[in-house]
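Asks: One-letter residues, chain by chain:
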Amino acid sequence: MTSETRKTVGLVGLFDDPDSLMKAAEACRDAGFRKWDCHTPYPVHGLDRAMGMGPSPVPYVTITAGFIGIGVALLMQGWMDVIDYPIRIGGKPLWSWPAFVPICFELFVLFAAGSTLGAVLFMCRLGRFHSPLHDSGVMADITSSRFAIVLDAEDSKFSPQASEELLRKAGCTDVRPLVENTGEGEAH
Amino acid sequence: MSQMPEKFRYQGLPSREVEPRTPPDEYSRREAIKLLAASVALASGLPGCIRKPPRTIISQAQSPEYQHPGMPLYYASAWTEGQVPYGMMIRTVDGRPIKIEGLPGHPLNRGASSAQMQASLLSLYDPDRLRNPMKGKDKAKWADADAKVREALQGGGSVVLITRSSLGPSERAMVERFLRAVPTAKHFVHETAHDGARRTAWKEVYGADGEIRPSLSKARVILSLDADFLGNDGITLKNIRDFAQTRSVEDGGVKSMSRLWVAESGMSVTGSNADHRIPVQPSKLAGLAMALLETLEGKAEAAKAFAKSAGLDESVVGALASDLAASAGAAVVLAGAHLPAAVHAAAALLNAKLQASAHLEWCASPATLPVSDPAEIRAALEGGTDLLILLGVNPVYDWPGGGFEALLAKARTSVAHSLFADETARACTWTLASSHNLESWNDTLPEPGVYGLCQPVISPLWDTRQEAESLFRWVKSLGTDGELESCQDWHDFVRLEWKKGVLQPASDFEYAWESSLRAGIAGAKTAAAFPALNESKARELAGQSVAGGAMQLVIQPHHAVLDGRFGGSAWLQERPDPVSTIVWDNAAVLGHSTAAKLGVKEGDLVTVSAGGQQAKLPVVVQPGVAAGVVAVTLGHGRSLPGAIGDQAGFSVAKLLGAKGSATPRFAGDATVAPAGGTYKVVRLQTNFDMVGRPIVIDTNPAELAKDAQAVQKKRHLPGDAEIHASFDYSKGHKWGMSIDLNKCVGCNACMTACMAENNVPIVGKTECALDREMHWIRVDRYHTGNPDNPRVYTEPMVCMQCDNAPCELVCPVDATAHSEDGLNAQVYNRCVGTRYCANNCPYKVRHFNFYGYTGDWLKDPVQELLFNPRVTVRSRGVMEKCTFCIQRINEVTFKAKNEKKPVVDGAIRAACEQACPAAAISLGDLNDPASLVSRARQSSLAFLVLEDQNVRPNVWYKARVRNPHPDVHEPAAEGQAH
Amino acid sequence: MSQEAAVLTAELKRLDDDILKPAESFPTARWAACITFTGMLAGVFGFCFLWTVFKGIGTWGNNNAVGWAWDITNFVFWIGIGHAGTLISAILHLLRQKWRTSIARFAEAMTLFAVICAMQFPLIHTGRPWLAWYWLLPLPNPNGIWVNFRSPLMWDVFAVSTYGTVSAMFWYIGLLPDLATLRDRATHGIRKVVYGILSLGWNGSNRAWSHYEKAYLLFAGLSTPLVLSVHSVVSFDFAVSIVPGWHTTIFPPYFVAGAIFSGFAMVATLVIILRKMFHLEHRITEDHLDVMNKVTIATSMMVGYAYLTEIFIAWYSGVAYERYAFMNRAMGPYAWAYWTMVTCNVVVPQLLWFRKIRRSVILLYPVVILINVGMWFERFVIIVTSLHRRSLPSAWDMFSPTWVDIGLFVGSIGLFLTLILLFCRFLPTVSVSESKAILPGAAPGGGHHD
Amino acid sequence: MFTRAFDRRVRIAAGVLGFSLLVGASFGTYALWPANLETGYAPEQPIEFSHKIMAGDFKIDCLYCHSFAEKGAHATLPTVESCMGCHDVIQPKNPDGSLRPGIAKLLEYWKKKEPIPWVKVNDLADFVYFDHSRHLAGGVKCQECHGPVETMDRVRRQFSLKMKFCLDCHSQPPPVGAPPHQTTRAPINCNTCHR
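As given, the protein sequences belong to chains A, B, C and D, one line each in that order.
Per the working numbering, residue 680 is the first one in the first sequence, and the count goes up by one each step.
Per the working numbering, residue 3 is the first one in the second sequence, and the count goes up by one each step.
Per the working numbering, residue 10 is the first one in the third sequence, and the count goes up by one each step.
Per the working numbering, residue 87 is the first one in the fourth sequence, and the count goes up by one each step.
Simulated from the structure, these hints should not be mistaken for lab results.
Hints are supplied without guarantee of correctness; some may be wrong.
[Unchecked claim] Negatives, chain A to chain C, calculated, CB over 12 Å:
(1) 798
(2) 827
(3) 838
(4) 848
(5) 854
(6) 856
[Unchecked claim] Here are a few chain A residues that face chain D, going by a calculated C-beta distance under 8 Å:
(7) 764
(8) 801
(9) 804
(10) 809
(11) 813
(12) 840
(13) 860
[What the hints assert, rightly or not] Okay, derived cross-link-like pairs now, BS3-like style, lysine-lysine, Cα gap no bigger than 30 Å in a straight line:
(14) B/861 with D/206
(15) B/618 with B/603
(16) A/848 with C/107
(17) C/64 with A/702
(18) A/771 with D/250
(19) B/355 with B/188
(20) D/250 with D/138
(21) B/733 with D/250
(22) D/157 with B/733
(23) D/157 with B/899
(24) B/861 with C/64
(25) C/303 with A/848
(26) B/899 with D/138
(27) C/22 with C/201
(28) A/771 with B/861
(29) C/201 with A/702
(30) B/897 with D/157
(31) B/715 with A/771
(32) D/199 with B/897
(33) B/897 with D/197
(34) B/188 with B/502
(35) B/733 with D/227
(36) C/64 with A/686
(37) C/223 with A/714
This one's a predicted model, so the numbers in the text were calculated from it and none came from an experiment.
The C-beta atom is built at its ideal place from N, Cα and C for all residues, glycine as well.
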């Protein structure tokens, strides 16, 4: 592995407890960073506020998809049982709407849940397997026991020294450059 | 119609039109294979090449006359069922008979048909039939057999000919010619389920040979002394029709209704229909009849006194006596064929006293030959014979007392003519394969002067010959009978007989013959005066004491297999007993008290012994059987070549020998003892209690007199609340059915007719035991009251075609849905088999193919010819049920639409309706105010079964009306408003 | 590093080690023996399944009177088992019951496997399962015919498949962070790739956590009515029919309560073994069993109340059919099944009033096993005793099972346990990330959060 | 390990897998869709009989040969006897004086009095009870279901004859003058065709 294939793409500051992380995050937020993130082994309560993030838009997707599900269910049942092939069943009217309710509900849930999963995958940018965190050798710590702040070099506020200083001032004792393997070769 | 059956020869499978219906399962299998093939094809890049295997249409080379592919042709014919000659009408499609109906113009059955008649179709296509003559176990040629017989006949040695009793006039003539041509020959008649004892008694008291036939249509009071005239004693189809007429109650008109009194030992179909039933041991019947006679003669207390001494219900017997006394000229007494002469003599005296001859017909030329005394046959055979010819009899199975094999072995040459390789056929040196009734020419004598003509509707399927044809050839081969020289074959001989006989007055014989073929019947009834009773002789006979012990044995022919001749018929074996609903078996039937006394319960094996003979049978405990009576039936325990009916049940032939020839079917000194062990007897219905549900409504004249709307008040109408509008069925057709419970006697003929029409599979005893029978129509039976003498209700159940069909609602795939004419359709090819519909059906008329019953039953391609091509054959995993014979409805309505004519009421007849001898069932259009079914619905007797379920059924029942004698205190009628 | 932080780090690492060890170590002989046994049982299921397919439903004890018997009994039984899983993971999540964390993952997995087992029975009960896929779904077809949306069975098709799908998604979403942990702990290349792909590149980003947490809450919110609806719909199979004994409006809540009851019993049954087998006693503690048993006794009381209500309503309605159906249950030929049900579901659970029994594995075990038995009998009683004596007395008949019926039921237990064992072997049985979040000190502000 | 290259590979693999599943499923559905499977079927017949010549050029009425179509459920094929009704006299020959092969074969069948094993082209499942007479009486042209047979040298299956095909016609609005309760052109009841 040659150094040419490694590129510094930012800074990562590691913490051992959520409180320090929170403080550092607030500092970063206040410093006006935009392209940055915190990485934690578990969801840390209050971190969203500390990072200055708004609420997740996932519920809007869910509720919209759910109502689409109800619409699909109603149209499907109505068209199939009333319009396309009206079959007389058990003396019940063709448009037996009470009987159509369970399936409307089920399709509401199915559509809502499916779209929620899709939205999560999309919004969490999942399906990208590479990460500079791997290349920097900190991923294992993050998914196990440590907390990290990652500042992206592309952020307009980013400068290697000043940003490191910001993190250290905020209480981070372990600041490392965030590197990424850019070569085609397999790392490690 | 033509006298040339060759024209209608079965020609293989000539076109798609006559291709037997492949079970839909084929398709699913095919689909599966297709999918399999698809994956292969996709892989190998050959999509689009996957089709069903090609099928061919084979048009005929030449078109037969009259025959339109796929369209039915009807032939009139005749058939003798046990002892009774009925007429039948056979529907053939593309040259194969597929359904038998009663002949509408026949004087005895008038279009009705019995289960046996229906089931005779099944035996035509029975794969276990003998297919060629056999010498021992080897296939033989007819020529060799004929040569052998001729040699023996010419040898001058002793020849014995044993036939059944039901020989037609031409057959009798042939036998006479045979006896003339072979002077050393003796002819005997062998039957077990016969009325020999009764005919002998009549001969003695009336001084003439003949038979008495009830003619009940005008009778007001009927007393049956153990005579199951609605079940299996006599011309039941006619009796049921006549009896049903006397029970017909049009709104409020109950005054002309008959009253049926039954004094009987077992529990019979007749007993089930009784207004008053007196369970009594057979030995006491003569005494009862004589006591009644004494009462009629003025000794007022005689009947009651006898009842007291005999342990009978005094009030009932007293009422019976007064009813008879009040009904002279309108009353009639019938006595069972199995009873000793004393009872018949007493009945004759009673009838004379009651001036009953208006309700009895004297038939001077009975349809059947008198039966020979087995002792005479034994005597003729014991010394050894050169040639023993057995035509259509099976003495090895049913010889009274058993042991015919030894006699048979003494014959140098024994020749059996049989439809099957039965017990006797297997023991004979030569076995000749008989043709089926549907492949034969024959005639019958239903009434004096009236001849039935039986014509073949299909060429013999196998290398077979009818019995009479063999007899004809043998006699002709002797060359001694000059008149036979003009006849080529048996068919010519029948023509000759008719030319000389019934058609003799006709100027144009050919025309008259063709007309007879078309009608199936010829000649006119010659009435005979009722002979005078020899009263002193009768009194002498009636005075003879009848030995009667604590346990008395009655042997009756089986309701379905009769004396065993239909033992191989699956349709008949699976037809439940009309009283106990047993299938595939017979049993020793005991009443509750007798069983309790013996310490046995249903299914326990017992030994029934009488006169040194014994038979082992399982017990069936049947409410209503008189104390001290064991009732058994003939016809089971056979050893048959096929799997069906083989070893089903137990043979009681040995017991027939217990009392010699006088009363072979009754023994007054029987014993029943537990034999240890149990045997599974299967009843199709196990619960006979209505548990207070609105299933049957009954009423009686008194109640109706008080309130003509009594039945309507007992109906359990559902509430009016409807949360949604129903579909409108008031336009176009709306099919419905009416079933008159007051006419239905519960004979179960409809069940077999339905099986034949609708390709209903049989499932076998094991599956019946698991409650998986497939009958689309069944006759439910309910008992109320005293378990030792219950009131019985019979109720045919079909699919009710409910407007609010609960089955439809729950089917996930729309496999059952309503049509615009109000029918609940069942689409077999759509059904996935969830069984949810059957769960939700309150009437339990849906039946699931738990296995591929039809497919499993098919062993031979010939069986496929049986299927009605108008009805899909169902495969495994499919729900099926009564369709109101939609194929018949469609046939008629399509034709009417094509011709732009309205559908006439009565043009559409369901198979059950057509078979019903009581005319209790009617299928029709509820939107047609004049139709029978509309009128039934409007009747004040109309009700619906389980009406409170609000499923809106379309089968309208008419209430059962009982006609109790006012002197007898009756428990309340069933179905009181709650 | 502060003292507190060091403790937290150590705790977090220890938690990883504890929970993930079974998934990372070589299978034990005990595990291998267990899965061999359950695999054989699953084989019995497969054999009986194929036997039914090739021979027909005739190989079962079902008949014209009793159209459904063990098949649907097993279906409802397994669906019921599944419900506790969703309840624990979804409803208790919404109610912020933190104790659920230790058992939620396992319960969810159990849901999924129970639904898999349950789905086999409607599929096979037609005898021709190959028809189900294209006839039971409203797919375009050359016959131009659709399905009957009025049929409760069609609702079932939608409800159960939705339930299965949503449960699987919920379960998978919950697994994502743990899969990432497994990925990063993996030493073997293939494991790393497999867990890497399965974890979809999860990197603990807080922006992701934010969506994830919201989505998890939404899933919980959707699953809660779903779980209630599924058993309600299953109960409609009976309630919508007109069979006396089935046609009752209390079925939906009664079935849901019964499902939760049976599910909790099944969770307890399995968890007791699991914690022993994989040494998770300090993660799944007596406290957890205690709380679960409280839910169990509560639902037992509901079920008992439902039994009484049924009988009362049958009497109070004045409908003879209903009265007879319940008389027949308690006093007819299947009374033994009815009283087994009452004993196991109402009488035996009363033992759980005792704290000692709630917290003692040994004393508890027979109780939960009997509840499982009782709840199976509850479905048997509802289905068979109602059908065998329906409206028309002439058509009454009895049911008795065949070896195929028994094989399918016992085999389905084998299938279920096999799936459970595979799950325990390859995936974390306790949610690691959730467990981490509730460790002392794991929340910012010194662990003092709401 | 988890490089951009890894991502690319996973994505390519997933894409290929998804695409092939999609293509396979659509292709399979299309190929196996019974309507596509059935139409265009034109098997070789025992005699190269040309409906184009008979019905097209000579304008012989369909019912002349398929004579039961008006009377019963089955249209039926003509018997060899009825073929001979004309071909006893009309026996076209090749230029070299020999009989045309089709005629020669027909004469052979007639000589042996054997039926001709025609291969079925327009085939319905056995559980479908189609009635030709009803459709003819209702004014349906043969061609509506059998296609332009008069243009076919060898008979080809023009339509799927699947239930959807039937329903497309049956569920049209009722004709003018139909009774008011008739809601469709022809019944769409199950038991009209299945029984």
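Asks: Does each hint fit the structure? Answer for all of them.
Replies: Hints, one by one, checked against the model:
no.: 1; hint: 798; result: violated (7 Å)
no.: 2; hint: 827; result: violated (8 Å)
no.: 3; hint: 838; result: holds (23 Å)
no.: 4; hint: 848; result: holds (17 Å)
no.: 5; hint: 854; result: holds (15 Å)
no.: 6; hint: 856; result: holds (17 Å)
no.: 7; hint: 764; result: holds (7 Å)
no.: 8; hint: 801; result: violated (15 Å)
no.: 9; hint: 804; result: violated (12 Å)
no.: 10; hint: 809; result: holds (5 Å)
no.: 11; hint: 813; result: holds (5 Å)
no.: 12; hint: 840; result: violated (28 Å)
no.: 13; hint: 860; result: holds (6 Å)
no.: 14; hint: B/861 with D/206; result: holds (27 Å)
no.: 15; hint: B/618 with B/603; result: holds (15 Å)
no.: 16; hint: A/848 with C/107; result: violated (35 Å)
no.: 17; hint: C/64 with A/702; result: violated (70 Å)
no.: 18; hint: A/771 with D/250; result: holds (24 Å)
no.: 19; hint: B/355 with B/188; result: violated (42 Å)
no.: 20; hint: D/250 with D/138; result: holds (28 Å)
no.: 21; hint: B/733 with D/250; result: holds (27 Å)
no.: 22; hint: D/157 with B/733; result: holds (28 Å)
no.: 23; hint: D/157 with B/899; result: holds (13 Å)
no.: 24; hint: B/861 with C/64; result: holds (18 Å)
no.: 25; hint: C/303 with A/848; result: violated (51 Å)
no.: 26; hint: B/899 with D/138; result: violated (33 Å)
no.: 27; hint: C/22 with C/201; result: holds (19 Å)
no.: 28; hint: A/771 with B/861; result: violated (45 Å)
no.: 29; hint: C/201 with A/702; result: violated (34 Å)
no.: 30; hint: B/897 with D/157; result: holds (9 Å)
no.: 31; hint: B/715 with A/771; result: holds (29 Å)
no.: 32; hint: D/199 with B/897; result: violated (34 Å)
no.: 33; hint: B/897 with D/197; result: violated (38 Å)
no.: 34; hint: B/188 with B/502; result: holds (26 Å)
no.: 35; hint: B/733 with D/227; result: holds (29 Å)
no.: 36; hint: C/64 with A/686; result: violated (67 Å)
no.: 37; hint: C/223 with A/714; result: holds (22 Å)
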